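So the protein lines, in turn, are chains A and B. Just so we're aligned: the first sequence equals residues 2 to 224 in the working numbering. Just so we're aligned: the second sequence equals residues 22 to 618 in the working numbering.
To be clear, the hints were calculated from the coordinates, so they are not data collected in a lab. These numbers come from a predicted model, not from an experiment. The reader is advised that the hints may include incorrect statements.
[Unchecked claim] Mimicking DSS-like on lysine-lysine, the simulated pairs with C-alpha atoms at most 30 Å apart in a straight line are: (1) K546(B) x K52(B); (2) K186(A) x K114(A); (3) K186(A) x K53(A); (4) K186(A) x K52(B); (5) K593(B) x K546(B); (6) K471(B) x K546(B); (7) K575(B) x K546(B); (8) K53(A) x K575(B); (9) K52(B) x K575(B); (10) K53(A) x K568(B); (11) K47(B) x K575(B); (12) K568(B) x K593(B); (13) K47(B) x K186(A); (14) K52(B) x K53(A); (15) K115(A) x K53(A).
[What the hints assert, rightly or not] Partner residues are not named here, just some residues of chain B that face chain A (Cβ under 7 Å, in silico): (16) V217; (17) R223; (18) G226; (19) A252; (20) G286; (21) V338; (22) R581; (23) P602.
From the three backbone atoms N, C-alpha and C, an ideal C-beta is built for every residue, glycine too.
What follows is the residue order along each chain.
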Amino acid sequence: MTISLIFMSALMLVIAWWIIKQTVNTQPWEAEAGHPEIGGFSGRSLPQPNSKLGLFVFLAVVTSLFSLFISAYMMRMELGDWRPLSDPDLLWWNSAALVFSSIAMQWALIAAKKNQIETMRNGMLIGGFFAIAFMAGQLIAWQQLIASGYMAQSNPANAFFYLITGLHALHLLGGLVVWSRTTIKLLAGARLEQLRLSVELCAFYWHFLLVIWVILFSLLLST
Amino acid sequence: MSNVAHDAHDYVPPVEIPEMELYHPKTWLGKYVFCQDAKVIAIQYSVVAIGIGLVALVMSLLIRVQLGWPGTFDFIDPAGYIQLVTMHGMIMVVYLLTALFLGGFGNYLIPLMVGARDMVFPFVNMLSFWIYFIAVLVLLASLFVPGGPSGAGWTLYPPQAILPGTPGSGTGIILMLVSLSLFIVGFTMGGLNYVVTVLQARTRGMTLMRMPLTVWGIFMATVLALLAFPALLVACIMMLLDATIGTSFFMPAIVSMGQQLDYEGGSPILFQHLFWFFGHPEVYIVALPAFGIVSDLLSVHARKNIFGYRMMVWALVIIAALSFVVWAHHMYVSGMNPYFGFFFATTTLIIAVPTAIKVYNWVLTLWRGNIRLNVPMLFAIGFIFTFVNGGLTGLFLGNVTIDLPLSDTMFVVAHFHMVMAVSPILVVFGAIYHWYPKITGRMLDDTLGKFHFWTTFLGTYAIYYPMHYLGFLGVPRRYYSIEGTSFIPESAADLNVAISIAAIFVGAVQLVFLYNLFVSYFRGKEAGPNPWEATTLEWQTADTPPKHGNFGEKLPLVYRWAYDFSVPGAEKDFIPQNVPPSVGAKTVDDEDYDQHS
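Chain A on its own, in the form it takes in the complex (with noise of 0.2 Å):
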């Protein structure tokens, strides 16, 4: 539970930190003449877009999923019956995919910004193909390791492995929901104004599942 606790003080840290900087230097109870033609009122909100940090609060309560998730993965480590499974070499060609996929998703943000429609949607869908890819690679991966009599039954290394790759390829097909819908409107001609946010948020995902995949994936490797 020490990086869980370590995880939650410091982004507590940081929530507290941000919110006491936005309200240390004030004097609520003063009243203030805007005028409302000219403006002239203090109290904006956030530059990002309403979705945009949505997604990032989102981001978040994942951040907090998994970094629980690994903290009982290294507690329950340590106890004696934690027998560690070997990884299948497959899991190296799902990471390749997964990289792959999120460079694509790149190149479509790269695109949408420089108003490329036809970049940008070649890059979307190379994106969602290679996350496909990752998808089946993993239940192919399952399907080895069950056949090699890594039951999830049988040892809690095993348990560990089916639950936290189960549920990051669930995160990520979350992801390939938002991404088929904005793909579908892609194909049907939308124009590229209306996308251009969806594909960022879309990029942005699939980098955060990312890195979150590259932990979980040393994490299983090193033990």
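Given chain A, put chain B in place with the hints provided.
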């Protein structure tokens, strides 16, 4: 963004907050059932939460009936008793208080108080309620499955939670875990809305530090809940796998009823860590909205600005941050390194500092205020008493050496009921009496309200004060019967009878409240837009009750904080937030404004 000159009669859309496209229901179903208006969602949340809360209230009365007159009522057997205890605790903490404060009050008050037309993601908000509703149905379904609901205690500790000897260890516990997981998913959807709405949808002039403390309390509680509920989700998923497919995350090698089970090596302590990593912040998820709401009630009804507004905000933030580093004080008896015990006892006691700041500030707000003893004010003052009482016993229990003998006794039951059951519920009542006129347009009956307050307030003391004493005697919690226990004097049974009578009385009094809610909706006195003469934006709406879109054609502009009461020289003893300052106030600084936009 440049400032174009406008015709003075034109409505100028707020510069920072783009006008949002409102949801327009096309069908009856879309208007009343799958509605995306935060106010309707708030009422849906509240009705379901109060409904399920009444079920849990009846459960608590059954518990008291058994404790007061053991052996008299045949329909409560030991298994049924522990199932009642479990369901009562879980429903009250999660499905009533969390849902009511965040889903109910959060949805109703955040958009109105910050001057927004609605939540920023109305569709997700609607989904949030329906997932919560399904979670409640799944939980209720567990009452009717073979074996009944889970009887593991609300903490659901493994291994006993899923061992065959525990009531409801089959379908009951699985439905409980599924229901909790659904609740967390639904809450996360709502929580995203509350956080992003507070950060992004405030109207012009509503700086963070001009927000009413109600919004601050709900906001910080939501941040806490978003980060803490994943711990419960992790615990639920892993226990679900232990119970269904036979993994050994939490389950050690164990012989149950003479049979060696298939589990090996799991760690029940790991579950406790995960559970309390959620469980302690949960206390503050319930308490912080109550803190916020009570601050506003005190200020409005004492006609005084809240004492130390900034300190109140920082105290909320600091309490929220600290609440993540105290969870193991629930686990002193589980065994731990003495240095850990020292660490967690220290952090626990440190929380008393910001909390005490809040209590002092509430009392100082009342000091020389022009106190109007309206029903909401009575409940707010009742909250201060109850919260201080419950908080002080918390100082006892926060110390390892004092906690060990008192652990799992009635003293603990009395402590947490005072501090996180009665206190928040008093605030809930106060808040309902306060905002009911805005929600329905009619006042609740004053006499019935005062009767409700005094009986509830004094009644809960009659219930929980003696319970501390039972705890000192060593009466354990969760026991079906303590008869024949040599170290407990027979007078304890008399005390139990007295407590039970008080509990049944307080339970019955709530019917008066429900009657009041129901009758006042049709026959209550017309409230008018601002019956309490309050300053916050929800009282300045064009219509009462506010229509969809909240503020009519123009969003309000905010010039001041929410606490301009009894300002010297002002015409009335309150100045609403959307009233511009008179001469001599700070003027527009165009240059500065342009730099920011």
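How the hints compare with the structure:
{"no.": "1", "hint": "K546(B) x K52(B)", "in the structure": "holds, 27 Å"}
{"no.": "2", "hint": "K186(A) x K114(A)", "in the structure": "holds, 18 Å"}
{"no.": "3", "hint": "K186(A) x K53(A)", "in the structure": "holds, 19 Å"}
{"no.": "4", "hint": "K186(A) x K52(B)", "in the structure": "holds, 28 Å"}
{"no.": "5", "hint": "K593(B) x K546(B)", "in the structure": "holds, 24 Å"}
{"no.": "6", "hint": "K471(B) x K546(B)", "in the structure": "holds, 16 Å"}
{"no.": "7", "hint": "K575(B) x K546(B)", "in the structure": "holds, 29 Å"}
{"no.": "8", "hint": "K53(A) x K575(B)", "in the structure": "holds, 27 Å"}
{"no.": "9", "hint": "K52(B) x K575(B)", "in the structure": "holds, 23 Å"}
{"no.": "10", "hint": "K53(A) x K568(B)", "in the structure": "holds, 29 Å"}
{"no.": "11", "hint": "K47(B) x K575(B)", "in the structure": "holds, 24 Å"}
{"no.": "12", "hint": "K568(B) x K593(B)", "in the structure": "holds, 27 Å"}
{"no.": "13", "hint": "K47(B) x K186(A)", "in the structure": "holds, 25 Å"}
{"no.": "14", "hint": "K52(B) x K53(A)", "in the structure": "holds, 28 Å"}
{"no.": "15", "hint": "K115(A) x K53(A)", "in the structure": "holds, 20 Å"}
{"no.": "16", "hint": "V217", "in the structure": "holds, 5 Å"}
{"no.": "17", "hint": "R223", "in the structure": "holds, 6 Å"}
{"no.": "18", "hint": "G226", "in the structure": "holds, 4 Å"}
{"no.": "19", "hint": "A252", "in the structure": "holds, 5 Å"}
{"no.": "20", "hint": "G286", "in the structure": "holds, 3 Å"}
{"no.": "21", "hint": "V338", "in the structure": "holds, 5 Å"}
{"no.": "22", "hint": "R581", "in the structure": "holds, 4 Å"}
{"no.": "23", "hint": "P602", "in the structure": "holds, 4 Å"}
Checked against the numbered hints given earlier, this structure breaks none of them.
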